[in-house]
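Here the protein sequences come in this chain order: A and B. For the first sequence, the numbering used here assigns the number 1 to the initial residue and increments by one for each residue that follows. For the second sequence, the numbering used here assigns the number 1 to the initial residue and increments by one for each residue that follows.
Just so you know, not all the hints are guaranteed correct.
Below, a list of computed lysine-lysine pairs in the DSS-like style, where the Cα atoms sit at most 27 Å apart [unchecked claim]:
hint: 1; chain 1: A; residue 1: Lys195; chain 2: B; residue 2: Lys14
hint: 2; chain 1: A; residue 1: Lys195; chain 2: B; residue 2: Lys12
hint: 3; chain 1: B; residue 1: Lys21; chain 2: A; residue 2: Lys196
Don't read these hints as lab results, they were simulated from the structure.
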Amino acid sequence: MLKQFADYLTFTLIGLQPGSHLGEALDFFIYDTIKIFLLLTTIIFVVAIIRSSFPPERTKRILSHNREYVGNVMAALLGIVTPFCSCSAVPLFIGFVESGVPLGVTFSFLISSPMVNEVALIMLWGMFGWKIALIYIGTGLLVAIVAGIVIGRLKMEKHVQDYVWEMQVGQQEIEELTFRDKLVYARDYTRDLLKKIWPYVVIGVGLGAFIHGYVPQDFLARWAGRDNPFAVPIAVALGVPLYSNAAGVIPIVSALTQKGMAIGTVLAFMMAVTALSLPEAIILSNVLKRRLLVTFFGIVAAAIVAVGYLFNIIL
Amino acid sequence: MKLEVLGTGCAKCKSLLENVKKAVELSGKEAEISKVEDIPSIMKYGVMSTPALVKDGKVLFSGKLATPEEIAGML
Numbered sequence: 001m002l003k004q005f006a007d008y009l010t011f012t013l014i015g016l017q018p019g020s021h022l023g024e025a026l027d028f029f030i031y032d033t034i035k036i037f038l039l040l041t042t043i044i045f046v047v048a049i050i051r052s053s054f055p056p057e058r059t060k061r062i063l064s065h066n067r068e069y070v071g072n073v074m075a076a077l078l079g080i081v082t083p084f085c086s087c088s089a090v091p092l093f094i095g096f097v098e099s100g101v102p103l104g105v106t107f108s109f110l111i112s113s114p115m116v117n118e119v120a121l122i123m124l125w126g127m128f129g130w131k132i133a134l135i136y137i138g139t140g141l142l143v144a145i146v147a148g149i150v151i152g153r154l155k156m157e158k159h160v161q162d163y164v165w166e167m168q169v170g171q172q173e174i175e176e177l178t179f180r181d182k183l184v185y186a187r188d189y190t191r192d193l194l195k196k197i198w199p200y201v202v203i204g205v206g207l208g209a210f211i212h213g214y215v216p217q218d219f220l221a222r223w224a225g226r227d228n229p230f231a232v233p234i235a236v237a238l239g240v241p242l243y244s245n246a247a248g249v250i251p252i253v254s255a256l257t258q259k260g261m262a263i264g265t266v267l268a269f270m271m272a273v274t275a276l277s278l279p280e281a282i283i284l285s286n287v288l289k290r291r292l293l294v295t296f297f298g299i300v301a302a303a304i305v306a307v308g309y310l311f312n313i314i315l
Numbered sequence: 001m002k003l004e005v006l007g008t009g010c011a012k013c014k015s016l017l018e019n020v021k022k023a024v025e026l027s028g029k030e031a032e033i034s035k036v037e038d039i040p041s042i043m044k045y046g047v048m049s050t051p052a053l054v055k056d057g058k059v060l061f062s063g064k065l066a067t068p069e070e071i072a073g074m075l
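Please model the entire structure based on the sequences and the hints provided.
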């Protein structure tokens with residue numbers, strides 16, 4: 001139905017030629033923008049209602065009862081529903097380790113929370129279909145679980161900044177929200193998030209539409225296709241400085257896959273954009289000594305590169 | 001009454017400080033407002049998501065940007 005509306009607008013009302021560069025680009029832009037915003041509004045709202053039941057304080061309590069393995073799995077799963085903003089990464093980290101959540105389990109949470117979230121999920125679903133979205137969630141969780149277990153095994157507690165262990169942490173009572181409060185929370189959350197990401201979505205879809213309409217077919221197959229072994233690590237390296245633009249990056253990479261970029265490379269790029277960010281590294285350096293910070297980035301990057309290669313082989 | 005805005009310096013924390021100032025004006029009460037930015041003091045209140053608002057040593061809310069009207073209602 002949306003497709004017909006976009007076609008009608010572009011080719012009948014505006015009168016562009018089907019098959020022309022401008023016509024195809026505009027058709028793609030109208031269709032994708034409407035689709036993405038409809039998906040974003042509904043799904044963010046639903047996820048926000050679930051989120052309102054999992055404030056970080058409750059997540060911390062659940063995780064402090066779990067040890068390795070089970071704890072890592074739980075942490076990665078809770079990472080999906082616990083609200084997280086990289087500006088809160090420091091108090092969150094301290095609150096977790098101080099209440100006895102093992103270091104590796106804390107990392108599983110810190111990796112999964114920004115990477116496996118509803119915005120990435122919706123964008124992938126809208127632009128690539130639900131199969132790729134599910135694969136992204138599954139492998140994202142796996143990366144968070146495995147990287148957390150490895151970091152836990154390395155016994156790097158002494159590479160946490162010393163003051164973290166000496167800190168006095170108070171207990172905060174959390175009130176149970178009524179259903180009405182949850183709806184208000186979800187409404188405000190959806191509004192704030194949409195306000196923050198809409199320019200990225202519009203610019204991303206716009207650039208994606210341009211690529212769709214103007215870049216020749218198979219343009220990227222030679223450089224970013226599955227035959228180039230360097231494509232995955234390069235994509236991961238490019239993803240690190242692109243943090244807050246996750247919403248805008250997916251429409252672009254979606255258009256790039258149509259021009260021959262391999263899907264494993266795309267998934268790896270997506271994960272690097274969301275999980276490995278320069279601003280987060282700077283924030284985390286407040287609580288982690290350099291060695292642990294570098295180890296954390298190294299392990300996550302390696303896991304993401306492995307995911308990229310795996311899907312370039314099997315998909 | 002003593003009001004403390006807890007936050008490590010993100011955009012939302014600054015907006016909360018503004019909203020708290022407006023809320024105090026709205027309510028017409030006397031209040032001493034301060035901003036707490038160092039991590040140990042924030043953690044003492046057990047707050048894990050910033051920004052948060054503390055009134056006379058008690059956490060009113062954390063992890064959200066409340067409007068001046070909402071805050072005025074809590075004072």
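Which hints, by number, does the structure contradict? none
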